[in-house]
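For reference, the chains in residue letters:
Number of protein chains: 2
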Amino acid sequence: MTGFADAARNGLSPADLEAVLREVGAQRYHNLHPLHHQMTSGALNRGQLQAWALNRYCYQAVIPRKDATILARAEDPTFRAEWRKRIEDHDGPTGWDGGIARWVKLAAGLGLDEASVKAERLALPATRFAVGAYLSFCGNRSLLEAVASSLTELFSPLIIAERVPAMLARYDYVTPDILSYFQPRPVQAARDSDFALAYVMKHADTAEKQQAVIDALVFKCDILWAMLDALDHAYGQPGHIPPGAFDPEAV
Amino acid sequence: MTGFADAARNGLSPADLEAVLREVGAQRYHNLHPLHHQMTSGALNRGQLQAWALNRYCYQAVIPRKDATILARAEDPTFRAEWRKRIEDHDGPTGWDGGIARWVKLAAGLGLDEASVKAERLALPATRFAVGAYLSFCGNRSLLEAVASSLTELFSPLIIAERVPAMLARYDYVTPDILSYFQPRPVQAARDSDFALAYVMKHADTAEKQQAVIDALVFKCDILWAMLDALDHAYGQPGHIPPGAFDPEAV
Numbered sequence: 001m002t003g004f005a006d007a008a009r010n011g012l013s014p015a016d017l018e019a020v021l022r023e024v025g026a027q028r029y030h031n032l033h034p035l036h037h038q039m040t041s042g043a044l045n046r047g048q049l050q051a052w053a054l055n056r057y058c059y060q061a062v063i064p065r066k067d068a069t070i071l072a073r074a075e076d077p078t079f080r081a082e083w084r085k086r087i088e089d090h091d092g093p094t095g096w097d098g099g100i101a102r103w104v105k106l107a108a109g110l111g112l113d114e115a116s117v118k119a120e121r122l123a124l125p126a127t128r129f130a131v132g133a134y135l136s137f138c139g140n141r142s143l144l145e146a147v148a149s150s151l152t153e154l155f156s157p158l159i160i161a162e163r164v165p166a167m168l169a170r171y172d173y174v175t176p177d178i179l180s181y182f183q184p185r186p187v188q189a190a191r192d193s194d195f196a197l198a199y200v201m202k203h204a205d206t207a208e209k210q211q212a213v214i215d216a217l218v219f220k221c222d223i224l225w226a227m228l229d230a231l232d233h234a235y236g237q238p239g240h241i242p243p244g245a246f247d248p249e250a251v
Numbered sequence: 252m253t254g255f256a257d258a259a260r261n262g263l264s265p266a267d268l269e270a271v272l273r274e275v276g277a278q279r280y281h282n283l284h285p286l287h288h289q290m291t292s293g294a295l296n297r298g299q300l301q302a303w304a305l306n307r308y309c310y311q312a313v314i315p316r317k318d319a320t321i322l323a324r325a326e327d328p329t330f331r332a333e334w335r336k337r338i339e340d341h342d343g344p345t346g347w348d349g350g351i352a353r354w355v356k357l358a359a360g361l362g363l364d365e366a367s368v369k370a371e372r373l374a375l376p377a378t379r380f381a382v383g384a385y386l387s388f389c390g391n392r393s394l395l396e397a398v399a400s401s402l403t404e405l406f407s408p409l410i411i412a413e414r415v416p417a418m419l420a421r422y423d424y425v426t427p428d429i430l431s432y433f434q435p436r437p438v439q440a441a442r443d444s445d446f447a448l449a450y451v452m453k454h455a456d457t458a459e460k461q462q463a464v465i466d467a468l469v470f471k472c473d474i475l476w477a478m479l480d481a482l483d484h485a486y487g488q489p490g491h492i493p494p495g496a497f498d499p500e501a502v
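Residue numbers (our numbering), protein chains in the order written: chain G, 1 to 251; chain H, 252 to 502.
Incorrect hints may appear among the rest.
Once the Cα atoms are required to be at most 27 Å apart in a straight line, the calculated BS3-like pairs of lysine-lysine come out as [as the list claims (entries may be wrong)]:
| # | chain 1 | residue 1 | chain 2 | residue 2 |
| --- | --- | --- | --- | --- |
| 1 | G | K118 | H | K460 |
| 2 | H | K336 | H | K356 |
| 3 | H | K369 | G | K209 |
| 4 | G | K209 | G | K118 |
| 5 | G | K202 | G | K85 |
| 6 | H | K336 | H | K369 |
Note that these hints are calculated values from the structure, not bench results.
Hey, can you work out the whole structure from these sequences and the hints?
Put into structure tokens, the structure is as follows:
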């Protein structure tokens, strides 16, 4: 296990800091999680895909609030003008015609009830705790750390490029229309992570701040990983669904 | 699955409210979790017990901060004088001679390094997210809900009475001295939960508030359950330990 706990101990050049951040992704992004491999290999059943979509909705739904938390802490209008694009992407012009709405379409396309998905009551508690930790982090840590925690977007085009073709190929009930959420995401993610990475490079100007941004990205990878762990545990074997959570058999 | 989402819809008598709260415990307290049964039946190996102690430390360590959060929100000196006993129990006269110190002794008695336990770096991210959710809940929800979330103490004498004799009987390296944390807990928990229950009964004087206290207790049961789910997933099968977390094989 390579650790990142003192990766910036002696201070890093910008190139080395970026290399460490990319190495965090190479070692800890959730494209390495067994559940992702099961998904792309066609090994999940419909109930497991439903559980994934239903739980991931909680994450999608909190993203604009996370970004608004960051916006509220940013004193630079130029920064805010750039960062608010993220909120527009997810909420759309009217609130229900952006990324969140497209995620609801994905969940509904897999056979879930829209109202039930939006209510979030059937999500795993562990999902809510992870998503809540992300929101708290962006409000309680420094603005630099909050921005750095978004850098998982550096790696998301990779996982989307694996996930979408595999889901279309392996699950006959998955259509391009159901997966429309992902269509604009690689371009949006590249724009957003370019901006966030440049911000981090400019502002992480001490060894301590460099370590803080590395830790923030590790934390965010832990969030995504823990969400898949919780799904894997609850829906990977019979008898593991926690009390009150979504039960595919009960639908 | 019996739900509690609208248990107080029409308002409950005090006796019925208490009955619903006790039913929440009967259905959702973590003495029902498979991992608890594995522990009391002697089925866990030393690494699994170590992982349990190491992760549960994060919960123990946050309890006085959770109680101080409640203390900080309480305007009644009589309430505060009662509630601060909880902090004294866990911190002891000097900080390291109360319940937290006894939990460190338990962890060390199972072969863990004390400093590593206290540092919390090897705990599962899911444990940290659950514990963080509990702390946030007690700061962000109403004082009544924060108090109600402590009512799992109503059920803790039960789980301790199962856990302690079973651990002494089933694991030859577990001694009464290692388990000294639990010795005063049933009396403390009964005192604390009597007080909290009386407070809840007095202040949950509308159907809406009754529902809020029921939801708060369900939430707290979810926290404890999710902590055992995370342990069960990470240490129940090979290959499931998330990146960076405690690995018994690596000690």
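Do the hints match the structure? See the list:
Restraint check: the Cα-Cα separation between K118 of chain G and K460 of chain H comes to about 24 Å, which is no more than 27 Å; the hinted pair holds. With a C-alpha separation of about 22 Å, the suggested pair K336 of chain H and K356 of chain H falls inside the 27 Å cut-off, and the hint holds. With a CA separation close to 24 Å, the supplied pair K369 of chain H and K209 of chain G stays within the 27 Å bound. At roughly 38 Å between alpha-carbon atoms, K209 of chain G and K118 of chain G are farther apart than 27 Å, so this suggested pair is violated.
Proximity of K202 of chain G to K85 of chain G is assessed by CA-CA distance (about 21 Å); at most 27 Å being required, the pair is judged to hold. Simply put, K336 of chain H and K369 of chain H have alpha-carbon atoms about 23 Å apart, close enough for the 27 Å limit, and the pair holds.
In terms of the numbered hints stated before, the structure departs from hint 4 and from no other.
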